[in-house]
Amino acid sequence: MSVGDFSTRTRRTVGAGTVVLALLVAVAYALDLPGAELVTVGAVERTLRSATPIALAAIGGLYAEKSGVFNIGLEGFMIFGALVAAASAWLVSGSGTITQGHLWFGIVSAVVVCALLTTIFAVLTIRYEADQIVAGLAVWFIALGFGPFTATVVWGGVSSPVLPNVNNVTVPVLAEIPVLGRLLFDVSPLVLLTVLVTAAAWVVLYRTKFGYWVQAAGENPQALDTAGVDVKRVRYATVILSGALSGLAGATLSIGFGSGFTGTGVTMVDGRGWIAIVAYLFGNYNPVGAFGASLLFGATDMLQIQFQTIGISLPGSLVGLFPYVAVLVVLALVGYTRVPAAVGEPYESEE
Amino acid sequence: MLRASVLERFAIAVASTLLALLLGSGVVAAAGYDPVVFLSSLFYGAFGSVSNVAFTLRQSTMLILAGVAVAIAFRSGVFNIGVQGQFVVGGFATALTVLFLAPMLPSGTAAGFALVVFGTVAAIVAGGAYAALPGLMKAYADANEVITTIMLNFIATGVVFFFLDSYLRPQGAAAPNTEPFPAYVGFPSLVFDSGSFSVLGLAVALLTVVVVAVVMARTRLGYDLVTSGYQEPAAAYSGVDPKRTVVTTMTFSGMVAGLTGAIFTIMILGYYSDPATFPTFGFDAIAVSLLAANNPLGVVPAGILFGGLDAGGQYIGFTLDVPAELVDGVVGLVVLFVATPELFRMAARRTGLGGRYRESGEGQTGGETGADGEER
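In the order they appear, the protein sequences are chains A and B. The working numbering applies: residue 1 is where the first sequence begins, and numbers increase by one. The working numbering applies: residue 1 is where the second sequence begins, and numbers increase by one.
Rather than coming from a laboratory, the hints here were simulated on the basis of the structure. Just to be clear, a hint being listed does not mean it is correct.
[Unchecked claim] Calculated cross-link-like contacts (lysine to any residue; reagent style SDA-like; alpha-carbon spacing at most 20 Å):
(1) Lys209(A) with Leu193(A)
(2) Lys243(B) with Asp142(B)
(3) Lys243(B) with Gly270(B)
(4) Lys209(A) with Asp225(A)
(5) Lys243(B) with Thr227(B)
(6) Lys232(A) with Met346(B)
(7) Lys209(A) with Leu192(A)
(8) Lys243(B) with Leu328(A)
(9) Lys209(A) with Gly228(A)
(10) Lys232(A) with Tyr212(A)
(11) Lys243(B) with Leu333(A)
(12) Lys232(A) with Glu342(B)
(13) Lys243(B) with Val197(A)
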């Protein structure tokens with residue numbers, strides 16, 4: 001990407017961010033909302049929680065797309081993640097009392113199972129050159145079908161009963177510090193994990209040889225091949241990573257913060273996988289940027305609760321649409337300016 | 001897929017469906033049910049009795065219409081995943097029109113006919129307009145239509161529910177439903193004695209297929225749309241404005257999706273209700289269109305097949321307590337396999353069943369997948 005491109009891109013990103021923020025402020029102003037009461041510690045905490053699944057899936061998705069495979073199935077893998085996490089925690093507890101240990105077992109299972117499922121997706125798209133968009137959509141449909149089906153087999157209904165969720169990590173004493181204490185020292189381990197994943201993803205992508213391979217696999221696979229690195233292997237690695245992170249993202253929804261699996265309608269994932277794709281585009285394929293964009297979508301997602309707490313009765317059905325509208329605004333303003341050159345193209349090495 | 005021969009497409013479609021059903025039966029067996037009972041119930045539910053056939057044809061009518069909507073876009077190289085949203089908006093426009101105009105007209109068959117026509121036109125306009133939105137966003141802001149149309153599905157369902165819930169729910173009604181349409185608004189039930197299926201509805205669907213097929217194959221508009229899908233540079237060179245074509249494609253596709261909503265509202269519902277509870281015809285139609293290799297005529301058999309699967313699936317849901325969602329999963333598997341023709345080519349080569357095949361990699365990689373990566 002040339003410097004000119006980069007600055008245009010940055011200007012557009014900043015512009016789009018400003019517009020979304022301005023819209024939020026305009027809504028707040030039009031409805032005469034007390035701004036200070038909207039931005040509370042609780043709101044920031046909820047924003048972080050709401051951003052977590054989006055950010056995790058986004059980071060996985062950006063790795064896959066950086067390496068040349070557009071994993072548009074993130075939403076589907078998140079559904080599987082949410083289901084597997086809840087179901088395995090439930091099953092391992094013997095349908096009885098679910099402990100924190102069981103929950104963590106559920107989270108790890110979700111990651112492993114989704115990694116395995118994405119391996120199949122990776123084989124179909126990389127080895128058998130499936131159309132990436134259509135195959136990704138198929139993943140979503142399969143999850144929408146088999147997700148609630150599996151839930152019925154496990155629980156006798158498309159949704160699970162109420163399950164406990166992962167406890168916060170509380171650092172004694174420090175948690176007592178006003179504002180910061182609650183945000184930094186009394187926090188869900190999954191939020192911390194997401195921050196760690198973001199940082200690690202940034203370091204790996206821009207500071208390691210593997211990160212360089214990932215970028216080369218998406219930009220110039222021939223060159224990478226010539227340099228003696230197996231393009232397909234790099235792509236397998238990133239696609240499987242995207243599945244594992246989507247699984248984790250789904251797990252945070254069902255038993256990380258939520259209270260079980262909901263299989264009605266478009267399930268509890270409710271479009272967050274699609275929002276994740278926009279988050280990494282908006283973040284310009286940079287893990288830190290993707291995390292920032294996820295925070296923006298997380299904040300719009302949480303507006304409903306904020307409105308309720310301060311007693312504003314905007315119809316929930318409309319406020320709940322804010323994240324989707326935000327996605328449209330972001331896409332309209334930022335568009336798809338710069339994607340890795342070889343995305344969507346299967347790579348055949350000249351053996 | 002687009003470059004395969006007709007015979008090869010047909011073979012891939014059949015193989016995809018069979019493989020998906022096989023895997024679905026495997027899941028059924030793994031879940032502790034009897035796969036033979038599953039398959040036979042599926043078949044019985046689809047074609048086993050006159051009323052089952054009527055139900056299959058009813059679902060097929062919707063899937064054929066929605067499938068044509070999807071096919072128009074896919075054929076032209078645009079992914080319209082928003083057929084569901086356009087379907088919801090179209091049906092809502094029908095309901096508004098019928099409920100608003102009904103008190104102004106005298107009751108009777110003639111008025112009923114007029115209301116059906118007005119309602120249908122409203123749906124076509126609304127569906128087209130709603131689909132033009134992502135078309136404009138793709139053409140002028142480079143926004144990927146896969147994501148915008150999916151977001152617009154969520155938004156359509158939410159906004160329509162809001163209006164329904166706040167303004168159209170009759171006094172004291174518990175459910176978010178509108179008033180029912182007057183009894184004289186609807187399709188007469190011919191041939192099959194069914195309150196929610198009329199052969200006329202199926203006729204409208206088949207007529208739409210023919211019209212779309214003729215437009216795509218015989219008119220300047222259709223030529224522009226299809227060449228843009230196959231070869232965008234060539235289309236641009238021959239004077240087709242690619243931006244305008246995208247908007248036209250989406251609008252045309254959305255108009256058919258809106259018509260689907262009108263038929264659903266008039267023929268099946270007879271009122272309007274929370275769109276979140278509607279069947280996902282717009283999504284299943286993606287499978288229908290792909291199985292038909294995005295050919296409007298091919299949508300008819302594909303629509304009947306999926307209509308049968310759907311009817312069979314619902315029958316299973318009632319009788320076997322195997323959830324009907326299972327069939328949605330099978331439909332998803334069909335999509336996955338249809339997207340992967342190489343899998344079957346390879347299988348055919350290995351088993352020696354395939355006859356003449358190109359070497360892999362030649363011609364396959366460029367078309368559909370490449371176009372998407374490049375144009376963004």
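Hint check results:
About 24 Å separates the Cα atoms of Lys209(A) and Leu193(A), which puts this hinted pair outside 20 Å; it is violated. Annotation: proposed proximity of Lys243(B) to Asp142(B) holds, straight-line Cα distance about 10 Å (limit 20 Å). Between the alpha carbons of Lys243(B) and Gly270(B) the distance comes to roughly 39 Å, so the proposed pair goes past 20 Å and is violated. With a C-alpha separation of about 15 Å, the suggested pair Lys209(A) and Asp225(A) falls inside the 20 Å cut-off, and the hint holds.
With a C-alpha separation of about 14 Å, the suggested pair Lys243(B) and Thr227(B) falls inside the 20 Å cut-off, and the hint holds. As the CA atoms of Lys232(A) and Met346(B) are separated by approximately 18 Å, the hinted pair is consistent with the 20 Å bound. A C-alpha spacing of about 26 Å is found between Lys209(A) and Leu192(A), which places the hinted pair above 20 Å, so the restraint is violated. Annotation: proposed proximity of Lys243(B) to Leu328(A) holds, straight-line Cα distance about 19 Å (limit 20 Å).
Between Lys209(A) and Gly228(A), the direct Cα distance comes to roughly 13 Å. Compliance with the 20 Å bound is thereby established for this hinted pair. For the suggested pair Lys232(A) and Tyr212(A), the alpha carbons sit about 15 Å apart, so the restraint of at most 20 Å is met. Proposed proximity of Lys243(B) and Leu333(A) is supported: the alpha carbons are some 17 Å apart, at most 20 Å. A threshold of 20 Å between alpha carbons decides the hint, and for Lys232(A) with Glu342(B) the separation of about 17 Å falls inside it, so the pair holds.
Between the alpha carbons of Lys243(B) and Val197(A) the distance comes to roughly 40 Å, so the proposed pair goes past 20 Å and is violated.
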